[in-house]
Amino acid sequence: DSGVTQTPKHLITATGQRVTLRCSPRSGDLSVYWYQQSLDQGLQFLIQYYNGEERAKGNILERFSAQQFPDLHSELNLSSLELGDSALYFCASSVEPGQGYNEQFFGPGTRLTVL
Amino acid sequence: ELKVEQNPLFLSMQEGKNYTIYCNYSTTSDRLYWYRQDPGKSLESLFVLLSNGAVKQEGRLMASLDTKARLSTLHITAAVHDLSATYFCAVDPLGNAGNMLTFGGGTRLMVKP
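Listed in order, the protein sequences are those of chains L and C. Count along the first sequence starting at 1, add 1353, and that's the number in the working numbering. Count along the second sequence starting at 1, add 519, and that's the number in the working numbering.
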């Protein structure tokens, strides 16, 4: 158990809908990362927040957005869902980015299925 | 754009045998990570390699980093069935404002009795 929690574990929804994925980082970690894992794209970085501020953006679609709240938990919002958004979404956390040894710890993931 | 390539993508081996997984990356970096993933599960951190020549060992797995060659290897010694999983390397490039990781495609390892 990495100490990173994600809810829900599974989510099944229809095309065009909107969902919210939630992540709580390890105690003491300030940075949260979101990754998407799919069969065709592999593991891809989506977005990073550090202490409430957006720090870096990767291959995140405009239909997706995220935020990190004052208690450091983060939410990833996915809207206008398409079949191709079906994937495993991971949240990871680390203490502070860019400071040498800075390991990321991954949560259990949320499996999203869009029908 | 940073590219991280692993090979082989799939590896089927007998118990007791040795093998090496390779991870090549296309940009300067001295921070490389190895993760293990069991089917449908999360990623478990195995090794953090932070400098040229770094070598880390845990049980039957040993990882090394050659930053000049932009190459990391994960060596498996006397494989056992419990090592069956998918292994990913991930690179954190120098100058990265955060430290988002770029992952290789993964190596699916199957160890047969």
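Calculated directly from the structure, the hints in this document are not laboratory data. One thing to keep in mind: the hints can contain errors.
[To be verified] Straight-line distance between alpha carbons at most 25 angstroms, and here's what the computed SDA-like set of lysine to any residue pairs gives: (1) C:Lys522 to L:Asn1455; (2) C:Lys587 to L:Asn1455; (3) C:Lys560 to L:Asn1412; (4) C:Lys560 to L:Val1467; (5) C:Lys560 to L:Ser1439; (6) L:Lys1362 to C:Thr605; (7) C:Lys522 to L:Gly1395; (8) C:Lys560 to L:Val1448; (9) C:Lys560 to L:Ser1377; (10) C:Lys560 to L:Gln1359; (11) C:Lys560 to L:Ser1380; (12) C:Lys560 to L:Leu1436; (13) C:Lys522 to L:Asn1412; (14) L:Lys1362 to C:Ala604; (15) C:Lys522 to L:Asp1354; (16) C:Lys560 to L:Asp1354; (17) L:Lys1410 to C:Phe529; (18) C:Lys560 to L:His1426; (19) L:Lys1410 to C:Val567; (20) C:Lys575 to L:Ile1413; (21) C:Lys522 to L:Thr1368; (22) C:Lys575 to L:Thr1373; (23) C:Lys560 to C:Phe529; (24) L:Lys1410 to C:Leu521; (25) C:Lys587 to L:Val1467; (26) C:Lys522 to L:Gly1411; (27) L:Lys1410 to C:Ala604; (28) C:Lys631 to L:Thr1373; (29) C:Lys560 to L:Leu1364; (30) C:Lys560 to L:Asp1393; (31) L:Lys1410 to C:Gln576; (32) C:Lys522 to L:Glu1415; (33) C:Lys522 to L:His1426; (34) C:Lys560 to L:Glu1406; (35) C:Lys560 to L:Pro1423; (36) L:Lys1362 to C:Lys522; (37) C:Lys560 to L:Leu1392.
[What the hints assert, rightly or not] Label pairs and their in silico Cβ distance ranges: (38) L:Pro1361 to C:Thr592: 16 to 26 angstroms; (39) L:Leu1468 to C:Asn571: 27 to 37 angstroms; (40) C:Asp601 to L:Asn1430: 20 to 30 angstroms.
Each residue gets a CB set at the ideal place from its N, CA and C atoms; glycine is no exception.
Hint-by-hint comparison with the structure:
1. Of the pairs offered as hints, the one joining Lys522 of chain C and Asn1455 of chain L holds, with about 21 angstroms between alpha carbons and a cut-off of 25 angstroms not exceeded.
2. Only pairs whose Cα atoms come within 25 angstroms are accepted, and Lys587 of chain C paired with Asn1455 of chain L is accepted, the gap being roughly 22 angstroms.
3. Taking the CA atoms of Lys560 of chain C and Asn1412 of chain L, the gap is about 23 angstroms. The hint holds against a cut of 25 angstroms.
4. Using a Cα cut-off of 25 angstroms, the hinted pair Lys560 of chain C and Val1467 of chain L holds, with the two alpha carbons roughly 20 angstroms apart.
5. Distance check on the hinted pair: Lys560 of chain C and Ser1439 of chain L sit about 16 angstroms apart at the alpha-carbon level, within 25 angstroms; holds.
6. As the CA atoms of Lys1362 of chain L and Thr605 of chain C are separated by approximately 21 angstroms, the hinted pair is consistent with the 25 angstroms bound.
7. At most 25 angstroms may separate the alpha-carbon atoms for a hinted pair to count; Lys522 of chain C and Gly1395 of chain L meet this at roughly 13 angstroms.
8. Proposed proximity of Lys560 of chain C and Val1448 of chain L is supported: the alpha carbons are some 23 angstroms apart, at most 25 angstroms.
9. Distance check on the hinted pair: Lys560 of chain C and Ser1377 of chain L sit about 18 angstroms apart at the alpha-carbon level, within 25 angstroms; holds.
10. Between the alpha carbons of Lys560 of chain C and Gln1359 of chain L the distance comes to roughly 13 angstroms, so the proposed pair stays at or under 25 angstroms and holds.
11. Using a Cα cut-off of 25 angstroms, the hinted pair Lys560 of chain C and Ser1380 of chain L holds, with the two alpha carbons roughly 22 angstroms apart.
12. Distance hint between Lys560 of chain C and Leu1436 of chain L is fulfilled; the C-alpha atoms sit about 22 angstroms from each other, no more than 25 angstroms.
13. A threshold of 25 angstroms between alpha carbons decides the hint, and for Lys522 of chain C with Asn1412 of chain L the separation of about 14 angstroms falls inside it, so the pair holds.
14. Between the alpha carbons of Lys1362 of chain L and Ala604 of chain C the distance comes to roughly 21 angstroms, so the proposed pair stays at or under 25 angstroms and holds.
15. For the hint pairing Lys522 of chain C with Asp1354 of chain L, the CA-to-CA distance comes to about 30 angstroms; that exceeds 25 angstroms, so the pair is violated.
16. Restraint check for Lys560 of chain C and Asp1354 of chain L: satisfied, since their Cα atoms lie roughly 11 angstroms apart, inside the 25 angstroms limit.
17. Simply put, Lys1410 of chain L and Phe529 of chain C have alpha-carbon atoms about 31 angstroms apart, too far for the 25 angstroms limit, and the pair is violated.
18. Distance restraint check for Lys560 of chain C and His1426 of chain L: the Cα-Cα separation of roughly 21 angstroms lies within the 25 angstroms cut-off, and the hinted pair is therefore satisfied.
19. Among the hinted pairs, Lys1410 of chain L with Val567 of chain C is consistent with the structure: their alpha-carbon atoms are about 23 angstroms apart, no more than 25 angstroms.
20. As the CA atoms of Lys575 of chain C and Ile1413 of chain L are separated by approximately 34 angstroms, the hinted pair breaks the 25 angstroms bound.
21. For a cut-off of 25 angstroms, the pair hint linking Lys522 of chain C to Thr1368 of chain L is broken: about 32 angstroms separates their Cα positions.
22. Restraint check for Lys575 of chain C and Thr1373 of chain L: the C-alpha separation of about 39 angstroms exceeds 25 angstroms, so the hint is violated.
23. Only pairs whose Cα atoms come within 25 angstroms are accepted, and Lys560 of chain C paired with Phe529 of chain C is accepted, the gap being roughly 18 angstroms.
24. This hinted pair checks out: Lys1410 of chain L and Leu521 of chain C have alpha carbons roughly 15 angstroms apart, not beyond 25 angstroms.
25. Pair hint Lys587 of chain C plus Val1467 of chain L does not hold up; C-alpha atoms about 44 angstroms apart against a cutoff of 25 angstroms.
26. A hinted pair counts as satisfied when its Cα atoms are at most 25 angstroms apart, and Lys522 of chain C with Gly1411 of chain L qualifies at roughly 14 angstroms.
27. At roughly 29 angstroms between alpha-carbon atoms, Lys1410 of chain L and Ala604 of chain C are farther apart than 25 angstroms, so this suggested pair is violated.
28. The suggested pairing of Lys631 of chain C with Thr1373 of chain L is violated, with an alpha-carbon distance near 41 angstroms, which exceeds 25 angstroms.
29. For a cut-off of 25 angstroms, the pair hint linking Lys560 of chain C to Leu1364 of chain L stands: about 16 angstroms separates their Cα positions.
30. Our distance criterion of 25 angstroms between C-alpha atoms is met by Lys560 of chain C and Asp1393 of chain L, whose separation comes to about 18 angstroms.
31. Restraint check for Lys1410 of chain L and Gln576 of chain C: the C-alpha separation of about 33 angstroms exceeds 25 angstroms, so the hint is violated.
32. At most 25 angstroms may separate the alpha-carbon atoms for a hinted pair to count; Lys522 of chain C and Glu1415 of chain L meet this at roughly 23 angstroms.
33. Taking the CA atoms of Lys522 of chain C and His1426 of chain L, the gap is about 30 angstroms. The hint is violated against a cut of 25 angstroms.
34. Note on Lys560 of chain C and Glu1406 of chain L: the hinted pairing is violated, with a Cα-Cα distance of about 29 angstroms set against a maximum of 25 angstroms.
35. With a C-alpha separation of about 29 angstroms, the suggested pair Lys560 of chain C and Pro1423 of chain L falls outside the 25 angstroms cut-off, and the hint is violated.
36. For the hint pairing Lys1362 of chain L with Lys522 of chain C, the CA-to-CA distance comes to about 30 angstroms; that exceeds 25 angstroms, so the pair is violated.
37. A distance of roughly 14 angstroms separates the Cα atoms of Lys560 of chain C and Leu1392 of chain L; the hinted pair therefore holds under the 25 angstroms criterion.
38. For Pro1361 of chain L paired with Thr592 of chain C, a C-beta distance near 38 angstroms fails the hint of 16 to 26 angstroms.
39. Distance hint for Leu1468 of chain L and Asn571 of chain C: a CB-CB separation of about 49 angstroms, inconsistent with the stated range 27 to 37 angstroms.
40. As the Cβ distance of Asp601 of chain C to Asn1430 of chain L is approximately 38 angstroms, the hint placing it in 20 to 30 angstroms is violated.
Violated hints for the displayed structure, listed by number in ascending order: 15, 17, 20, 21, 22, 25, 27, 28, 31, 33, 34, 35, 36, 38, 39, 40.
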